[in-house]
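Residue numbers (this note's numbering), protein chains in the order written: chain L, 1 to 212; chain R, 1001 to 1481; chain H, 2001 to 2306.
Worth double-checking, as some hints may not be accurate.
Unchecked claim - Chain L regions said to be covered by chain H (calculated; three or more residues, Cβ under 8 Å):
| # | stretch |
| --- | --- |
| 1 | 6-13 |
| 2 | 88-97 |
| 3 | 104-115 |
To be verified - If you want the ones that stay clear, here's a sample from chain H, every Cβ over 10 Å from chain L, calculated:
| # | residue |
| --- | --- |
| 4 | W2049 |
| 5 | T2166 |
| 6 | S2219 |
| 7 | V2246 |
| 8 | R2285 |
| 9 | L2289 |
| 10 | V2291 |
What the hints contain is simulated information worked out from the structure, not anything from laboratory work. No experiment lies behind these values; they were computed from the predicted model shown. Beta carbons: idealized from backbone N, C-alpha and C, even for Gly.
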Amino acid sequence: MNNTANLLLLLVVMLNFFILGSSRLGSNIRTIAIQGGMLSLLPVLAHGFSNHTVFLAVAAFLLKGIAIPYLLFRAVRQVHIGREIQPLFGYVPTLILGTLATAASFIFSDRLPLVAEHNLSLFVPVGLATLATGFLLLITRRKAINQVIGYLIFENGIFIFGMLLTEAMPLMVESGVLLDLLVAVFIMVIVMHQIKREFSTINIDQLTSLKE
Amino acid sequence: MENNLITLLLIIPFGGVLLALSLPSNRFRPWLLPIFGILHLALTFLIIQAGPLSAANGWLGVDALSRLILLIISLLFCGCSFYALGYLRYRLSWGNRVFVSCLLLFLFAMSLATISRHLGVLWVAVETTTLASAPLIYFNRNRLSIEATWKYLLLSSVGIALAMLGILFIAYAGLTEGGHVSLQFDDILQSAATFSRPWLKAGFVFLLVGFGTKVGFAPLHTWKPDAYGEAPGVVGALLAGGLTSVAFLGLLRTLQIMDAASEAVLAREAFLAMGLVSMAFAAVFVVRQPDFKRMLAYSSVEHMGIIAIGISMGGIATYGAMLHLMNNAMTKGVLFLSAANIHRRFGSKRMDEVRGAITLVPFSSILFLLGFIAITGSPPFAPFVSEFTILQGVFSGGHYVTGGLFLFFLAVIFIGMGTTVLSVVFGTPSENAGDKDYRETFATTGMPLLMLVIIFVLGVYLPDSVRQIFVDAAALLEVRA
Amino acid sequence: MKTTLLQLFLHLLLLFSLSPLLAGVIGKTKALFAGRIGPPFLQLYFDIWKLISKRLVLSRTTTWIFRVGPVTGLVVPVLAALLIPFGAIGAPISFNGDLIFFVYLFGLSRFFIASSALDTGSAFEGMGAVREVTYSCLAEPTILLSFIVLARLSGSLSLDAMFGQTLAASWHTAAPSLLLILACMFLVTLVENCRIPFDDPNTHLELTMIHEVMVLDHSGPDFGMILYGAAMKLFVLGALVVGLLVPDTTGNMALDILLFTVCMLVLAVLVGVVESTIARLRLIRIPQLLVGGMLLSFFSLILLLR
């Protein structure tokens, strides 16, 4: 059981790399959808079948796998966002940084005092690596939509880490967290529309009027 | 009956949201704000009377800190709701369904945050405040406000996501010791002493950064000047007084956990560092600040720093900090609301275009001036009392360097703000300035005046019953040896 | 001693006889995808035969270096092949640290082929040489890192042992690392042999060619040697991929050889499928993918070491 989860988590890391190196917006959003879909299997894989895990899995799948990618794709279509991503600096440096961060999180999480049963599982390192990837995307990408993608990856990292603690997170809270995420993306998409309307681009380079 | 109070506190604002969404008339909808504001305030008084409460299996509950924060947001919201009535009448053509609903949702989320006794619920509530306030900041619908909204939304969301990570770390700290995992606040407080230190400390750092972003500690404050500057004044007041208090509650909860785990020293040092850095940043940016609403934002950064320093000192300074939470919120209310009036009259918030406001909007200008005098800690207003109490705590604790820096920053900020404020209020208005059709009415000056009266009264006379609220709140933050 | 001689014989027999067939299988697969009949499986054998019986034309500007390129291009893959096992047939030559020798052998042949391309003094060939060297130097860390992972897993520094008995057991303990390494090795096989998505072996547009443009001036037997050497290079690197993926042996020599041969042919089909379904990358994107592969192998090393 845990092996399957580990394999899935490795795939998540691969998707992280892919998204760091990929230059196409569409494939980025698809990657987000795939990653979200894969993550939604984790509750069941990590804790077996129960009402709680199944609900969480279904909710996460609907949100991370379907609803949010749909919102983003719709935004791309309606706002006419170009396909290229235009990172702040090249893909290769970002990719290298991402790998270093991933390696660091693997090494770092080895030194953390984990519960014995978590020692071999990849939840902690992959969670941290995904967080780092999201953070990297947030600071290196210039288009508003890519920042949203970075934020989503960031959230995915937290979701992975949270899998270790599903007992502590009652269903109500968990669904609240997911709902908040959905609403956040929804509002971000709306704001993106407005940015496009006002600036006729969604490069946040343009958002520089407010400064000292 | 008593537990119903808590339920009502949530149901009432939420019902308001639904009502605001369903009411068709832009003219009558704003009336929902004062109605629900007063209901909320009345409920808050009942809750404060009732003493400690608990509901929903201990997920929700009211302790001394909740009472204080609840009182702050309720008073502020009530005041702002009357102001909003006048403001929205002025902006009738823009439509206000989203604005009113979001304001009420904001109130709902803030109330939920204050009474949550479960870290997960607290997180959801604080995140909801971000989401509810983002559309509020964008009410002016121009380039600048969209930019501010985007920065606010993204920074706050990422910050609060970090807080989530911190919460998970703290839960994990409990797990490593083989304990039952629970994010219920009381459970955590009980078993915190056995928590695994590395995870607990890491969790603390993430919570500090996460909620610190919402509070607006420097250097995490970058969204603040933009958001406060571009949001309508009433929203600015609610963000600067209400939201920061709620976010601070998150930090205080964290502090309580650290206290229970006997890691108070580390936590307090971190608070002190955050506080001093915030004051320093504010001092640097407030000087020669040409935009008087952004200036208020930096003042907010400064005061969050002051409160953090007060809390880090413990003892009487903590009491001062609690007092200052209230005073800061009310004074920020006065400042933002009166600044908004000036802004509207002149159609600008830049110092070089706004001069001699006193001739055009005399009441607002005087309120603005008095608000400035209050916020910089001059007697007879209440912030003087609280800042003095904090300073007393700092010096009696022997922290002379901190005290010296504290005084130095206060002086710099006083001079910095003073230049801007005096130039805005006095001076000679330029020829074509102030031709906007806004005229002062009681609706838009009454509420800042009332808030000014509150901080004046609190400054000269603090009734024992009110004083007890602050004392109780501060007592929760004392280190139990 | 006897088994070693037999091994050597079988080894070289497989290498010499089968390697041009791979190219034929790839060509057939691509033709199948395109709906053509395509050249016969043995086309490359015919080509090489034809070229060897042709006359050699040499440009007057070239020196002896121009003639050395094809020779190293032929000799190096043979030498390299001796260092690695083909399925159950162990490597005829094996010593501690031969993995570095293996990597540098290819470096040597690359040096001479690039030099012979530069020797012609033609701008096109110079450009090809530049590209070839650039991409190879990005691919080299990948293969070295992959070898390090395998060395770590087997506890040995010789290729024979690295791809030997311990590998099957390692698949149970370190499957994730090995999977990543497998992907990297496949990537290296593609780039080192100038296949799509890195280079199109069929292109005739000099501006976009990499490998083909380097050998424009070679003719007759020299060109034959280059073609044969290239086929063997594909075979050698492919053998590494197959060895990595199918470390199990049946114990019966004949069956093992058959298994290995079938696997190699399947690999060729796979390369054909890749070439038929993926477009060639833009030149500026190639380094990105190569760095990606390098980072992947680095990551698999971290995964193993943690």
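(message) Tell me the numbers of any earlier hints that the structure contravenes, in ascending order.
(response) Failing hints, ascending: 8, 9 and 10.
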